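Q: Read off the chains here:
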Amino acid sequence: MIVNEYKAGREFVGRLDYGSDLFLSLLSLVREKDIETGVVEVIGACKKSVVAIYDQDKKVYHNVALEGPLEILSCTGNISKIDGKPALHLHIVLSNHEGSAFGGHVVEGTEVFAGEFYIRELLGPTLERKRDEVTGLNLWG
Amino acid sequence: MIVNEYKAGREFVGRLDYGSDLFLSLLSLVREKDIETGVVEVIGACKKSVVAIYDQDKKVYHNVALEGPLEILSCTGNISKIDGKPALHLHIVLSNHEGSAFGGHVVEGTEVFAGEFYIRELLGPTLERKRDEVTGLNLWG
Amino acid sequence: MIVNEYKAGREFVGRLDYGSDLFLSLLSLVREKDIETGVVEVIGACKKSVVAIYDQDKKVYHNVALEGPLEILSCTGNISKIDGKPALHLHIVLSNHEGSAFGGHVVEGTEVFAGEFYIRELLGPTLERKRDEVTGLNLWG
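Residue numbers (my numbering), protein chains in the order written: chain Y, 1238 to 1378; chain L, 1238 to 1378; chain R, 1238 to 1378.
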């Protein structure tokens, strides 16, 4: 197990733009603010979404397109580094018009209808993602 | 994009009363403690729930009644202000007796069986909700 | 309602081992670090999972076995004490290969494929779980 200890950094609350891409907007913000490590939360709604699900045997993600409108019930994850740049790892839970829930790994393709985020920066050891041979994922090594 | 920076405020952990209304209890607490900005998390179980789903075309919420018992798998959101008073924006994920997940925007109607909350106050710029013409929602402007 | 106020404690970010048990690994970490009160978040993926759903009438949990692979969309909860030792209360949301979401109360039986956690310690009043007669659950009393 890897266990790092951190001190409190900056904290941000804000609103994503209508029509923006959830993942790209947050990634852009994280890089602009130069947040190396942190945690993220988002709630809101989107017009449509694409989530990725990992095939643990084949070691590839496949995308699932979810037609909207959808509520963003939960979207949580973390900020660390990959190739020396801030990277975002987010998982999302969405619901359709009947309330049924779906979700996966957040990739490009979630079009924001309304989005409210909370970002908490953590100061301490750098967490750098590298390809892990066992899982095929980019994990902290 | 709106991006505000905050400093750490008070932090609360506690238990909601059996039979109380999830949304009204938390809103009442937030107003009593005069928390202007913050984030909220809840887990627990409820006897029944009503969640709201936004119709992005018609710009109205419709309610979905979920018969219980239900586990509260996740309930996250934020505190900001509306008409000068603390307001709560929460989204919830619930599961039925088979583990299937459902959810939406939290409104009055979720009857607590057991509920454990975490509230983190943030000190900084006031976030005030106002009607947004594009979406029809009360958003930070 | 029980409402306690806390001060910020230590914060940890880390990675769970491949093949480890989600609940037992985190519980072991929490006890090793002697975290009395706090909040926890995890995202990742698992090979399979067992979640518990509470039967509010019969006052017993029943387990639902979820065959993997599954994404861990959200896993949030808290740390308090039971019988004088740190205890973990976590709820999880998972998705299958189609993105459909399921979840429940986390017990032993969720086999980690990849897991990234955030733990935030809170310093203040001890929260001790004791059997609550009304619900049959171990709640803060």
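To be clear, the hints were calculated from the coordinates, so they are not data collected in a lab. Accuracy of the hints is not assured; some may be wrong.
Since the list can't tell identical chains apart, any single copy or any two copies may satisfy a pair.
[Stated by the list, open to error] Calculated pairs, BS3-like style, for lysine-lysine (alpha carbon to alpha carbon, straight line, at most 27 Å):
#: 1; residue 1: 1318; residue 2: 1270
#: 2; residue 1: 1284; residue 2: 1296
#: 3; residue 1: 1244; residue 2: 1296
#: 4; residue 1: 1270; residue 2: 1296
#: 5; residue 1: 1284; residue 2: 1322
#: 6; residue 1: 1295; residue 2: 1270
#: 7; residue 1: 1244; residue 2: 1285
#: 8; residue 1: 1244; residue 2: 1295
#: 9; residue 1: 1284; residue 2: 1244
#: 10; residue 1: 1318; residue 2: 1284
#: 11; residue 1: 1295; residue 2: 1284
#: 12; residue 1: 1285; residue 2: 1296
Small disclaimer: the values here were computed from a predicted structure and weren't measured.
Q: Next, verify each hint and record whether it holds.
A: Do the hints match the structure? See the list:
{"no.": "1", "hint": "1318 x 1270", "result": "both (14 Å within a copy, 26 Å between copies)"}
{"no.": "2", "hint": "1284 x 1296", "result": "between (29 Å within a copy, 13 Å between copies)"}
{"no.": "3", "hint": "1244 x 1296", "result": "neither (35 Å within a copy, 41 Å between copies)"}
{"no.": "4", "hint": "1270 x 1296", "result": "neither (32 Å within a copy, 34 Å between copies)"}
{"no.": "5", "hint": "1284 x 1322", "result": "neither (29 Å within a copy, 30 Å between copies)"}
{"no.": "6", "hint": "1295 x 1270", "result": "neither (36 Å within a copy, 37 Å between copies)"}
{"no.": "7", "hint": "1244 x 1285", "result": "neither (37 Å within a copy, 34 Å between copies)"}
{"no.": "8", "hint": "1244 x 1295", "result": "neither (38 Å within a copy, 45 Å between copies)"}
{"no.": "9", "hint": "1284 x 1244", "result": "neither (37 Å within a copy, 33 Å between copies)"}
{"no.": "10", "hint": "1318 x 1284", "result": "between (29 Å within a copy, 26 Å between copies)"}
{"no.": "11", "hint": "1295 x 1284", "result": "between (31 Å within a copy, 13 Å between copies)"}
{"no.": "12", "hint": "1285 x 1296", "result": "both (26 Å within a copy, 16 Å between copies)"}
Violated hints, listed in ascending order, are 3, 4, 5, 6, 7, 8 and 9; each of the other numbered hints is respected by the structure.
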